[in-house]
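*Asks:* Chain by chain, the residues:
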Amino acid sequence: MIDIQNISKQFPGTTAVRDLSLQVNDGQIFGFLGPNGAGKSTTIKMITGILPIDKGFITINGSDITKNPLEAKQKIGYVPDRSDVFLRLKGIEYLNYIADVYKVPTEVRKDKIEYFTKKFGIYGALNDHILTYSHGMRQKVVICGVLLHDPDVWILDEPLTGLDPKSSYILKEMMREHADKGKTVFFSTHVLEVVEQLCDEVAIINNGHIEFLGNMTDMKREFKDDESLEKVFLELTQNE
Amino acid sequence: MNKTWNLIRVMLKMQFSMAGKSSGEKIGYFFLFIFIIPFSFLIYFAMDGIIGGLYEVLEPLDNQSFILGALFISMFGLFSFVSIGSIISSFYFAEDIEAFISLPYHPYQLMLGKSAAPFITLYITNAAVLGPGLLIYGFHSNGGILYFIYALLIWLVTPLIPFALTAIIIMYLMRFLNLSKNKDRIKIFAGLLMFIFIIGFNIVLRLDTGSNQLGENIGELFIERNALLEMITVLFPSAYLSSISLTQPDSFLGFIYLLILFALSTLVFFFYLTAGQKLYFKGVLGLSAGSKNKWNEKKIAKQIKQNSILYISWLREMKIMLRNPTFFTQIVVQSLVFPVLFIVIIMFDSGGGGFSAAGLNNMLARTDPKFTILAMLGFTVFALGINPASISSVSREGKSWFNHLYMPVKPETIILSKVLAAFTINLITLVVISIIAVGFAHISISIVVIWLILSMLTNWITSVIGISLDLYMPNMKWTDEREIFKGRMIGLLALAAEVVIFGLVILVLWKSSFITGLWPSSVTLFLLLLMFTISGHFLLKKMIQHRFFTLHI
Chain E
1 MIDIQNISKQ
11 FPGTTAVRDL
21 SLQVNDGQIF
31 GFLGPNGAGK
41 STTIKMITGI
51 LPIDKGFITI
61 NGSDITKNPL
71 EAKQKIGYVP
81 DRSDVFLRLK
91 GIEYLNYIAD
101 VYKVPTEVRK
111 DKIEYFTKKF
121 GIYGALNDHI
131 LTYSHGMRQK
141 VVICGVLLHD
151 PDVWILDEPL
161 TGLDPKSSYI
171 LKEMMREHAD
181 KGKTVFFSTH
191 VLEVVEQLCD
201 EVAIINNGHI
211 EFLGNMTDMK
221 REFKDDESLE
231 KVFLELTQNE
Chain W
241 MNKTWNLIRV
251 MLKMQFSMAG
261 KSSGEKIGYF
271 FLFIFIIPFS
281 FLIYFAMDGI
291 IGGLYEVLEP
301 LDNQSFILGA
311 LFISMFGLFS
321 FVSIGSIISS
331 FYFAEDIEAF
341 ISLPYHPYQL
351 MLGKSAAPFI
361 TLYITNAAVL
371 GPGLLIYGFH
381 SNGGILYFIY
391 ALLIWLVTPL
401 IPFALTAIII
411 MYLMRFLNLS
421 KNKDRIKIFA
431 GLLMFIFIIG
441 FNIVLRLDTG
451 SNQLGENIGE
461 LFIERNALLE
471 MITVLFPSAY
481 LSSISLTQPD
491 SFLGFIYLLI
501 LFALSTLVFF
511 FYLTAGQKLY
521 FKGVLGLSAG
531 SKNKWNEKKI
541 AKQIKQNSIL
551 YISWLREMKI
561 MLRNPTFFTQ
571 IVVQSLVFPV
581 LFIVIIMFDS
591 GGGGFSAAGL
601 NNMLARTDPK
611 FTILAMLGFT
621 VFALGINPAS
631 ISSVSREGKS
641 WFNHLYMPVK
651 PETIILSKVL
661 AAFTINLITL
671 VVISIIAVGF
681 AHISISIVVI
691 WLILSMLTNW
701 ITSVIGISLD
711 LYMPNMKWTD
721 EREIFKGRMI
731 GLLALAAEVV
741 IFGLVILVLW
751 KSSFITGLWP
761 SSVTLFLLLL
771 MFTISGHFLL
781 KKMIQHRFFT
791 LHI
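From first to last, the protein sequence lines stand for chains E and W.
For the first sequence, position 115 (counting from the first letter as 1) is numbered 115 according to the working numbering, and the numbering increases by one without interruption.
Add 240 to a position in the second sequence, counting from 1, and you land on the number used in the working numbering.
Please keep in mind that the hints were generated in silico from the structure rather than gathered at the bench.
Since we're looking at a predicted model, the values are computed, not measured.
No incorrect hints appear here.
Restricting the straight-line Cα-Cα distance to at most 25 Å, the calculated cross-link-like pairs of lysine to any residue (SDA-like) are:
id: 1; chain 1: W; residue 1: K717; chain 2: E; residue 2: R82
id: 2; chain 1: W; residue 1: K559; chain 2: W; residue 2: G731
id: 3; chain 1: W; residue 1: K538; chain 2: E; residue 2: E93
id: 4; chain 1: W; residue 1: K650; chain 2: E; residue 2: E71
id: 5; chain 1: W; residue 1: K726; chain 2: W; residue 2: F270
id: 6; chain 1: W; residue 1: K781; chain 2: W; residue 2: M771
id: 7; chain 1: W; residue 1: K639; chain 2: E; residue 2: E93
id: 8; chain 1: W; residue 1: K751; chain 2: W; residue 2: G618
id: 9; chain 1: W; residue 1: K717; chain 2: E; residue 2: T132
id: 10; chain 1: E; residue 1: K103; chain 2: W; residue 2: M558
id: 11; chain 1: E; residue 1: K112; chain 2: W; residue 2: M647
id: 12; chain 1: E; residue 1: K112; chain 2: W; residue 2: I552
id: 13; chain 1: E; residue 1: K55; chain 2: W; residue 2: Q785
id: 14; chain 1: W; residue 1: K717; chain 2: E; residue 2: L131
id: 15; chain 1: E; residue 1: K172; chain 2: E; residue 2: D157
Per the computed footprint, the stretches of chain W lying under chain E, defined by three or more beta-carbons under 8 Å from a beta-carbon of chain E, are:
id: 16; segment: 538-552
id: 17; segment: 635-649
Every residue, glycine too, gets a C-beta built ideally from N, C-alpha and C.
Required output: the full structure, derived from the provided sequences and hints.
*Replies:* In C-alpha cells, the structure reads:
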C-alpha cells in the first residue's frame, strides 16, 4: 500500500506538487494521468525517494520513505521513464547487479532471470552490452530487473513506451497478476485506452494537484455516461 | 551552398557553444588559456634553437630550403596523425549523427558539417607549431614583407590537404572494413596509440639533450642525404611547393609555385567532396546497430551468483572505467603517463644535471633515508593527485545518478565503492613507481616497502579528497563524456589541496632536525597520514549527507 499525505514540492520559481494526498491500496492497479509538466514524474520521484519531500510524508507498506528509506525502497520495484542507463554493462551483468542490490539468493535469481527474460524474448541477448539493445529491449531488461525481488509495490513511469504489442500485452498481464496476488501497482501513462482497460483506480493530476480521484464507475457517475476518458481528461486538464 | 553553410554553423554551435556550461567551467577555460601562454613560449624557444641550428649549417651551402621542406613534411605527418582521432569520432561516433542523416542533406554536405569542428581544432596545432616555425625561419632568413604575406597564405592552406587525405582514407576504410562494429575497441586503441605517441615523442626528444645540438645533427644528416630528402619532398608536393615559394618569394617562380599550391589544394578539396559524396554514407549507415556477442548458456549461468553490494558496485565502477573509451583514455591511460614519462626521463637523460639513473643513485647513497622516503612520498602525491579516477567518480554517472537514489543501498556504500575503484586505478600508478624505485633507481627494498605502506594511505586520502570535491562540484549534465574532464577546475583544486596538505607535512619533516633516520620519520609520517585518513572520512561523510540526494536537482 502506498500512502501519500499532503506532499508538496517546490522548485525555484514554481510549485511542482501542492498538498497532494493519495492512497493506493493492496491488490489495486492505480493509473496516474496528467499532461506534460503536470507533476506526475515529480510525484513518482518523491514516492521512490529520488526527490526529497518539502512537506508531508509518504509510506510504503508502513515504511516512511524519508525516515526509513532503505526499508521502504526494498519494498519498491521501480521502472524509470529512462531506460538508457548502465549501458556499458551486459544484460546479464545488469540483472545480476540488481539482484545483488535487492539481495535475491543465487538459486532464486537463476530461475527468475531465465523465466522473465525468456518471457520478454531477450534471453538470447543477455550476453550483449545494453548499449547494443534497442529502446524496447532496454525497457524489457529494466522490467525484468524490477521483477527479480518480487516487490510489494510496483511503480512504473510510462512503462509501455517503446514496447512491441506482444511485450506490451505481457506486461499488462503481469501487472494484473501482480495486483491479483494482493500487491500494489502504480503507473503513469499517456495511453488512455490502457487506463480504461487495466486500472482499478485513476488519478488525474494537473498543475501539481489532483483534479480527479476515483474508479472508472465514479468517473462515469461524475461525468456523462457516454463521455470517453479522453474527453474527461481533456476537460479536466484544460488550462484557463 | 547556403544550406551547407547553415549546417556547418549549427554543427559548430553545438560543438563549441558555452551555453549550459557552468561559470566554473568558463573559469577553467580561462585558466587553461593562461597556462597555454608560457607553454607556447617554450615551444617557440625550442623551435628557435632547432631552426637556428639548422639554418647556420645549411645556409652556407644554400640548402636552407630543406628546413622548410622538413617543417612542412613534419606538419603533414602531424596534421594527418592528429586528424585521425578527431575525424573518426566526429564523422562516425558522435551521438548526433543519426539525427542528421534523416534530414534532406547530401552526404558531402553532412561530411562538410562534420569536418568543421575537427578542421578548426587543427588550426590550434597549426598556430602552435607551423606559425612559430614560419616566423622563426622568416627572422633567421631576414624575410621581407612578401615572405610574411606568402607565409600567412601558406599557413592558412597547409592543414587542408593532410586533413582531406586522412578523411578520404578513413572513409574508405570505414566503408570496406566495417570497423564500426568494434567502435569501442577502436576508440580504446586510439587512446593507447596517443599514449605511445606521447612516450615515443619524449624518447625521441631525449635522445639528445640540447635542441641546438639536435638541430646541428639533423643539419649534418641533410647534407649527407640531400638526394633522399629531395625525393621525400617530391612525395609531398604541397611541402615542395610551399618550401620553394617561401625561399624565393620575390621571384616569379615563387609566385607561380604559390598559385600551383592553391590550385592543388582546390583540386584536393573537390576530390574530398566527391569522395564524401560516394563513401561517407556507406560507412555511417547502420552504425548504431552494434555488434552481438556469441551466445553461450553456460557462460551466462556462471555469471549469475550472489555478491556483496560493495563488491558488485566496485566491479560496476571498474567495468565502466575499462569499457567506456573516454574513461579508459582519461583515467587508465592517464594514470600511466606520468610515471612512465618519469622512467623515460631517467633512462634517456644522459647527463646535464637532470634526473639520471646514475645521478639519482649517487645522490641516494649520500642522503639520509628520511629524505628518500619524503621525496618518494612527494612524487607519489603528485602522481596520484593528477589522476582523474577520483575527481570524476560522481560526475561519471551523469544523468544516471538517480538510480542510486531509489535502490535500497546506503549512500555510504555507493561512495565507498567509488573510493575503492579510484584506489584500485591508482594502484597502477603505484606499481609503476615501485618498478622505477626498485628497477631503475635501485632504492633499497625496505624503503620501498615502507613507502608502499605510506602510499596506500596517501592513495586512500587523495581518492577521498577527489571524491569529496566531485560531490561538492560535480558535472552531471554532460552529453559527451569528455566534458567531465575538459575545462573543469576540480583537477587543479584537488592537486592544490593535496599539495598543501602533504606539502606541509613533507616540508616540516624535511626541515625538522629532531626527527631523523628512516624509522622515526616513517612512523611519524604513518601517524600523520592515519590522522588525515580519519579526518578525510569525516569530511566525506559530511559531504555525503549534504550532497548525495540533491546532486541531480
